[in-house]
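One line per chain: the protein sequences are S and E, in this order.
So the first sequence is numbered by numbering that gives the first Met the number 0: it starts at 0 and just counts up by one.
So the second sequence is numbered by numbering that gives the first Met the number 0: it starts at 0 and just counts up by one.
Among the hints, a few may not be true.
Ranges of calculated distance between the beta carbons of each label pair, as one might list FRET restraints [as the list claims (entries may be wrong)]:
no.: 1; chain 1: S; residue 1: N209; chain 2: E; residue 2: E144; range: 39 to 47 Å
no.: 2; chain 1: S; residue 1: A276; chain 2: E; residue 2: D242; range: 36 to 44 Å
no.: 3; chain 1: E; residue 1: E119; chain 2: S; residue 2: K7; range: 33 to 41 Å
no.: 4; chain 1: E; residue 1: P229; chain 2: S; residue 2: G266; range: 25 to 33 Å
no.: 5; chain 1: S; residue 1: A276; chain 2: E; residue 2: E119; range: 15 to 23 Å
Honestly, the hints are just simulated from the structure, not real lab data.
Heads up, the beta-carbon is just placed ideally off N, CA and C, and yes, glycines get one too.
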Amino acid sequence: MSIWINEKTKVLVQGITGSQGTFHGTRMVEYGTNIVGGVTPGKGGQVVELPGRSVPVFETMSEAVSSTGADASVIYVPARFAAPAIIEAADSFHELNEGGLIVCITEGIPILDMVKVVSHLEKRPGVRLIGPNCPGIISPGFDGGCKIGIMPGYIHEKGRIGIISKSGTLTYEAVAQTMSVGEGQTTCVGIGGDPVNGTGFIECLEAFENDPETEAVVMIGEIGGSAEEEAAEWSKTNFSKPIVGFVAGATAPPGKRMGHAGAIISGGKGTAEEKFAAFEAAGIHIARDPSKIGEALVSALVEAGLRES
Amino acid sequence: MFRESGVSVQRGVHCTTVEQALSAYDSLGSDVVAVKSQIHAGGRGKGDLFSLDSGELVMQGGVKVAFSREEVGDFASNILGHRLVTKQTGPSGKIVSNLYVESGCDIAHEYYLALLVDREEDAILIMASTEGGVDIEEVAETSPEAIHKAWFEPSEGLPEDIANSLGVSLGLSGNSLSSFSEMIGSLASMFVEKDCSMIEINPLVRTGDGPMVALDAKVSFDENAEFRHPWRDGLRDLSEESDVELRANEHGLSYVDLEGNIGCLVNGAGLAMATMDVIKLYGGEPANFLDIGGGADSESITAAFEIILEDSRLEGILVNIFGGIIRCDMVARSIIEASEETGLKIPLVVRFSGTNHEEGRKVLEDSDLDVITVSTLGDAGEAIVNAIGGPSS
Numbered sequence: 000m001s002i003w004i005n006e007k008t009k010v011l012v013q014g015i016t017g018s019q020g021t022f023h024g025t026r027m028v029e030y031g032t033n034i035v036g037g038v039t040p041g042k043g044g045q046v047v048e049l050p051g052r053s054v055p056v057f058e059t060m061s062e063a064v065s066s067t068g069a070d071a072s073v074i075y076v077p078a079r080f081a082a083p084a085i086i087e088a089a090d091s092f093h094e095l096n097e098g099g100l101i102v103c104i105t106e107g108i109p110i111l112d113m114v115k116v117v118s119h120l121e122k123r124p125g126v127r128l129i130g131p132n133c134p135g136i137i138s139p140g141f142d143g144g145c146k147i148g149i150m151p152g153y154i155h156e157k158g159r160i161g162i163i164s165k166s167g168t169l170t171y172e173a174v175a176q177t178m179s180v181g182e183g184q185t186t187c188v189g190i191g192g193d194p195v196n197g198t199g200f201i202e203c204l205e206a207f208e209n210d211p212e213t214e215a216v217v218m219i220g221e222i223g224g225s226a227e228e229e230a231a232e233w234s235k236t237n238f239s240k241p242i243v244g245f246v247a248g249a250t251a252p253p254g255k256r257m258g259h260a261g262a263i264i265s266g267g268k269g270t271a272e273e274k275f276a277a278f279e280a281a282g283i284h285i286a287r288d289p290s291k292i293g294e295a296l297v298s299a300l301v302e303a304g305l306r307e308s
Numbered sequence: 000m001f002r003e004s005g006v007s008v009q010r011g012v013h014c015t016t017v018e019q020a021l022s023a024y025d026s027l028g029s030d031v032v033a034v035k036s037q038i039h040a041g042g043r044g045k046g047d048l049f050s051l052d053s054g055e056l057v058m059q060g061g062v063k064v065a066f067s068r069e070e071v072g073d074f075a076s077n078i079l080g081h082r083l084v085t086k087q088t089g090p091s092g093k094i095v096s097n098l099y100v101e102s103g104c105d106i107a108h109e110y111y112l113a114l115l116v117d118r119e120e121d122a123i124l125i126m127a128s129t130e131g132g133v134d135i136e137e138v139a140e141t142s143p144e145a146i147h148k149a150w151f152e153p154s155e156g157l158p159e160d161i162a163n164s165l166g167v168s169l170g171l172s173g174n175s176l177s178s179f180s181e182m183i184g185s186l187a188s189m190f191v192e193k194d195c196s197m198i199e200i201n202p203l204v205r206t207g208d209g210p211m212v213a214l215d216a217k218v219s220f221d222e223n224a225e226f227r228h229p230w231r232d233g234l235r236d237l238s239e240e241s242d243v244e245l246r247a248n249e250h251g252l253s254y255v256d257l258e259g260n261i262g263c264l265v266n267g268a269g270l271a272m273a274t275m276d277v278i279k280l281y282g283g284e285p286a287n288f289l290d291i292g293g294g295a296d297s298e299s300i301t302a303a304f305e306i307i308l309e310d311s312r313l314e315g316i317l318v319n320i321f322g323g324i325i326r327c328d329m330v331a332r333s334i335i336e337a338s339e340e341t342g343l344k345i346p347l348v349v350r351f352s353g354t355n356h357e358e359g360r361k362v363l364e365d366s367d368l369d370v371i372t373v374s375t376l377g378d379a380g381e382a383i384v385n386a387i388g389g390p391s392s
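Modelling step: build the complete structure from the supplied sequences, incorporating the hints.
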């Protein structure tokens, strides 16, 4: 099992005829993702060749969803078009399927656009948004799997660890370290580094709690906001499996945006120190050294009786 | 901008010379005027001005009230061309080249007002306090009950009843209350229309006659919304921005200057922060945050190298790449090229993982470049700290 996606998930690519859409569409199909079509306004009726399959391009998301029965979409459109693309996908999934998963990879969406998107999504409870500004979500299978995003698929392997992260390459780092101690993943979710976004840590933890195959979780946060503190607090009473936590940015100076729009310590709030303290208070196994996430995972598993040594 | 948006502000004139400040005083026709330093940082009223040459204290306070033409001249010459150090500028301060001379105002009470995006509530937050003209962070710490809050959705605008009840909670009534409601209504529309990320009015003043006036303000814009607002370029004062951070942006790099001596070049913001953290944990000090981004190519990597090498404090460089879309062998070739171009003379540690990491490592090892290659993040931190002579303290 995995959370939210598996090999059967039918995926649409919004922006499929663009260079990013075609490039990553190809990589996703190679990994095993079931891409059933794409959407590019003005290019409806065309066909895009992906490895081993030709997929139709639709003019709108509602045509695409009703023709293919898709239950997920991934967005690779430029920032200025991304919020309307999310809203179009949300409306189509809500009206035609009563729900669906939207993964938005795009970086640099205006924050007020995202505030509007989030309030739009609140009225469509069956629709889940992951991102924006994220690497996407991946559930490795025994042979292939489902990858909706831009992460290098081959570094993953099916296993029992759930991974949640605000970062892209730091997620790959966490994956590589879990692999180096012989642990694979159920699902890895990159929730993104924007201050206002879709799915957060708590919703991921809730899904991992309910997934019988996930036995432990690695949670990677970063400076800015208080999502890590809230997740830690929530996990005290609602999460029964071991969690390993790391927070990037202990050395970041206050008031400076560290690459990600949301990664900023403002008014003395959102420091790595506060987040590590909240993790510790919630009984989360912390790795202060990001090169020791794998080691921390092993000791967490051993302590929970899930591993010999 | 405030006036255009319907927010009541004092009349004032922007000046860059003492002569302009004097004629501004003449033209405003007000006996009392405020002479204000204009820099991109807060805490100006409580800041100190220092001479650039001697470093001596010239004047205390970057915002002054002048009661005569002579005083305007004195304050303007004490401010212009001097270094203003405030709580927010850091010890190096900022050189003041702009002034604002504003007509005086009959102040009955000072308030604080701010609008910003609340990332936890996914809405726009309005914060108001009866304690204006002071540091709001201090108020938040010492008397949080003095700060009143309200939220609104950008797509719905600010409902009038919310504006009114916020005014009432500040103890306003009569024409002060109606003037306050009108002002925050205008500010709310301006916030959304202009894609602001923060508007802070401090102080917001209730005048003797009742109406509210915004005496001083700071505005930040959401850079992601630049494409909707080409007019913003005209507001930009490039002398206020860091040259190296600007150049990095032009190459699609994200750069932040730090205090240490180990230069970092990393792909991805989270991994770049984690790399800094590792350097520190192994006893070193990172000199910068540098994320080359997901779409980096040979040109931007060369630019990144050049930018970090400009730093004269640098004693070593750590490159940390987790290849995904970016291939490590491409990065390796770019490193060799950039090192040859810049004549690299300090230790270089390269950690490759992910896509084509073995090929990348081989490219480096087969080259003439003096480079230490490692494969894990921990080894990278240890190797660079040892390469520059061990932990700093």
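Structure-based check of all given hints:
1. For the pair S:N209 and E:E144, the beta carbons lie near 41 Å from each other, so the given range of 39 to 47 Å is met.
2. Distance hint check for S:A276 and E:D242: the Cβ-Cβ separation is about 37 Å, which falls inside the suggested range of 36 to 44 Å.
3. Under the hint 33 to 41 Å, the C-beta atoms of E:E119 and S:K7, about 35 Å apart, fit the expected range.
4. Against the hinted window of 25 to 33 Å, the Cβ-Cβ separation of E:P229 and S:G266 comes to about 31 Å, which satisfies the hint.
5. Here the CB-CB span from S:A276 to E:E119 is close to 18 Å, well matched to the stated 15 to 23 Å.
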